[in-house]
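K.L.:
For reference, the chains in residue letters:
There are 2 protein chains.
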Amino acid sequence: MEEIKLFCPATIANVSCGFDVLGLCLTQPGDEMIIRKSSTPGIQITKIGGHNLPLATEKNVAGVAGLALLNNLKELKAGFEIEIYKHIKPGSGIGSSAASAAGAVFGINQLLGEPFSTKDLIPFAMQGELLASGALHADNVAPALLGGFTLVRSYEPLDVIKLPVPDQLMATVIHPQLEVKTADARSVLKHSVSLKSAITQWGNLGGLISALYTSDYNLLARCLHDEIIEPLRSVLIPGFDEVKKTALAHGALGSGISGSGPSIFALSKDKETAQKIASAMAEVYQKFEVDYDIHVSKINGDGIKIL
Amino acid sequence: MEEIKLFCPATIANVSCGFDVLGLCLTQPGDEMIIRKSSTPGIQITKIGGHNLPLATEKNVAGVAGLALLNNLKELKAGFEIEIYKHIKPGSGIGSSAASAAGAVFGINQLLGEPFSTKDLIPFAMQGELLASGALHADNVAPALLGGFTLVRSYEPLDVIKLPVPDQLMATVIHPQLEVKTADARSVLKHSVSLKSAITQWGNLGGLISALYTSDYNLLARCLHDEIIEPLRSVLIPGFDEVKKTALAHGALGSGISGSGPSIFALSKDKETAQKIASAMAEVYQKFEVDYDIHVSKINGDGIKIL
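Sequence order for the protein chains is A and B.
Quick note on numbering: the UniProt record's numbering labels position 10 of the first sequence as 10, and the sequence is numbered without any gaps.
Quick note on numbering: the UniProt record's numbering labels position 251 of the second sequence as 251, and the sequence is numbered without any gaps.
Bear in mind the hints are in silico, worked out from the structure with no lab data behind them.
Just to be clear, a hint being listed does not mean it is correct.
[Claimed, not checked] Here are the simulated DSS-like cross-link-like pairs (lysine-lysine), alpha carbons at most 30 Å apart as the crow flies: (1) Lys47(A) <-> Lys89(A); (2) Lys162(A) <-> Lys287(A); (3) Lys196(A) <-> Lys119(B); (4) Lys190(A) <-> Lys37(B); (5) Lys119(A) <-> Lys119(B); (6) Lys269(A) <-> Lys245(B); (7) Lys298(A) <-> Lys162(B); (8) Lys269(B) <-> Lys119(B); (9) Lys190(A) <-> Lys190(B); (10) Lys196(A) <-> Lys190(B); (11) Lys196(B) <-> Lys162(A); (12) Lys269(A) <-> Lys119(B); (13) Lys181(A) <-> Lys190(B); (14) Lys196(A) <-> Lys47(B); (15) Lys298(B) <-> Lys162(A); (16) Lys196(A) <-> Lys162(B); (17) Lys5(A) <-> Lys305(A); (18) Lys162(A) <-> Lys74(B); (19) Lys59(A) <-> Lys269(A); (20) Lys190(B) <-> Lys119(A); (21) Lys196(A) <-> Lys196(B); (22) Lys162(B) <-> Lys162(A).
Here chain A stands alone, though its shape is the one from the complex:
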């Protein structure tokens, strides 16, 4: 195989009670990437469509992630060209950088005859996240690579668990075209939490994991709460409270901030409900005269797809 074309999906990190540990993979939106072998060792980003992102390998998340993989195979003098067609807007909070980083390492691994398992690719993709956000996090690249829901149990050592997905589960995501600076999203966090809130959170996360294994949508709904991070970060997203309230009023199992925002997600148990929620969420930002993108998607159990 000389060339591979990939669909690299968007992802939702945190998912209410799963701050810093949970993530899930969407069926859409997603980027397309073409990766081909090259006679020049290393990585060249030859084309980026859709958004204005750096072509220099060391400044591009796909480039940096791909180099991390190649550097792990030192004896190999392989080279690759990467074309990226972005459909996930950078800064939207649904894993735009993760899609590129995960796509690069997934595609290169395929072209090399799979020297690594998909799980082994996560640390390489995390190098792309480090470039994008300044933090080595896996809660978007893990679901992009593995699909479904993923739990990052630990970073030292890295321990990622793939969780099952209830069949009917749908996500609605609205991306209001507002900027939330990552630095702001971080600075509002507190270094300590009350033991009482922490217990509530781990009770909810435990219940959520049980709900995924048993396809118990009612339990899932009872668990989709976050009383630690959401109250702090949601103030950075104008309209958040109204969007969330509207989503719940239209049948959402739960609703919260996607990653560090500004996108807001809602989960529901059928497509019709997911679309109703989309219309209702859209009305909120129409009223505020804020532009938005909206996505209705099944949960993607497979992750990155070869086209």
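Starting from the structure of chain A, add chain B where the hints point.
P.N.:
For chain B alone, coordinates are given in the frame of chain A:
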């Protein structure tokens, strides 16, 4: 049915990363209770064998729990006599009061023709716990009533989830005859925890729940950690660090404080290992010349049993 005889098992609350939410049920030790209908309305504790506990209904956890059930059925003028044969030592940290409280409400419910589901009995049993410890907690009475592992997701409203148990899972519990005052076990807790530790804890709890559904013993072992409560409470239990270290060295998947102590538990994946761990734990307290009881038990998937 005029009379019922029950086996009321011991339980382990908290289970490392599950502080205040997780509990599990043991096959042994356990109390025996005989409950019979009486022409005198209300509850009479007619006999307590094994340990010196109050016979006055309002001062006895079984009495108080039973009354809570009867008070919920106000039109009914039923009466019951309860005999309790204690084999679980009060103050051991393996749910002695929970066994009595859960047994009382389970037995009375049976004799009344099951007006309540087993889950509905939990709040009544919790009244016994309130008498015993001053706190309305369910992490022992829930596994005693339901069996297996239970997750108390929330108290307001009460939401208890029964979790599956891997087939081979065994528990070893050592009860050193040392007193840990509940007030001390509480006073060492801090009101706040670092966000970092809380995230570690909910990652571990999420992984543990996944491990129970998938019978993944290796994952279970990776998750059986508690960096929040155990470091604070274990200093109240002389020998804790050595017992834990010894249990792990002899093949335990994990080891920690049972409830608020002084009992120390270890989980393992077969009976032979569980017995080796028991011998090794026992040697520690023999060396310190501290008396102890030791129990090797399968996880009890069924809870209270009718004899």
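K.L.:
A separate judgement is required for each hint: does it hold in the structure or not?
P.N.:
Each hint tested on the structure:
1. Lys47(A) <-> Lys89(A): Distance of about 16 Å is within 30 Å: holds.
2. Lys162(A) <-> Lys287(A): Not OK: Lys162(A) and Lys287(A) at ~39 Å, beyond 30 Å, violated.
3. Lys196(A) <-> Lys119(B): Holds - the C-alpha atoms of Lys119(B) and Lys196(A) are around 24 Å apart, at most 30 Å.
4. Lys190(A) <-> Lys37(B): Status violated; Cα separation ~57 Å.
5. Lys119(A) <-> Lys119(B): Roughly 40 Å separates the two Cα atoms, so the pair is violated.
6. Lys269(A) <-> Lys245(B): Outside the cut-off at roughly 46 Å; violated.
7. Lys298(A) <-> Lys162(B): holds, 28 Å
8. Lys269(B) <-> Lys119(B): holds, 29 Å
9. Lys190(A) <-> Lys190(B): holds, 17 Å
10. Lys196(A) <-> Lys190(B): The hint holds at about 10 Å.
11. Lys196(B) <-> Lys162(A): Status holds; Cα separation ~22 Å.
12. Lys269(A) <-> Lys119(B): Answer holds: Lys269(A) to Lys119(B) is near 26 Å, not above 30 Å.
13. Lys181(A) <-> Lys190(B): violated, 33 Å
14. Lys196(A) <-> Lys47(B): violated, 39 Å
15. Lys298(B) <-> Lys162(A): holds, 28 Å
16. Lys196(A) <-> Lys162(B): holds, 22 Å
17. Lys5(A) <-> Lys305(A): It holds: about 9 Å lies between the C-alpha atoms, which stays within 30 Å.
18. Lys162(A) <-> Lys74(B): violated, 50 Å
19. Lys59(A) <-> Lys269(A): violated, 40 Å
20. Lys190(B) <-> Lys119(A): violated, 37 Å
21. Lys196(A) <-> Lys196(B): With a Cα-Cα distance of about 15 Å, the restraint between Lys196(A) and Lys196(B) holds, given a limit of 30 Å.
22. Lys162(B) <-> Lys162(A): With a Cα-Cα distance of about 22 Å, the restraint between Lys162(B) and Lys162(A) holds, given a limit of 30 Å.
In terms of the numbered hints stated before, the structure departs from hints 2, 4, 5, 6, 13, 14, 18, 19, 20, listed from lowest to highest.
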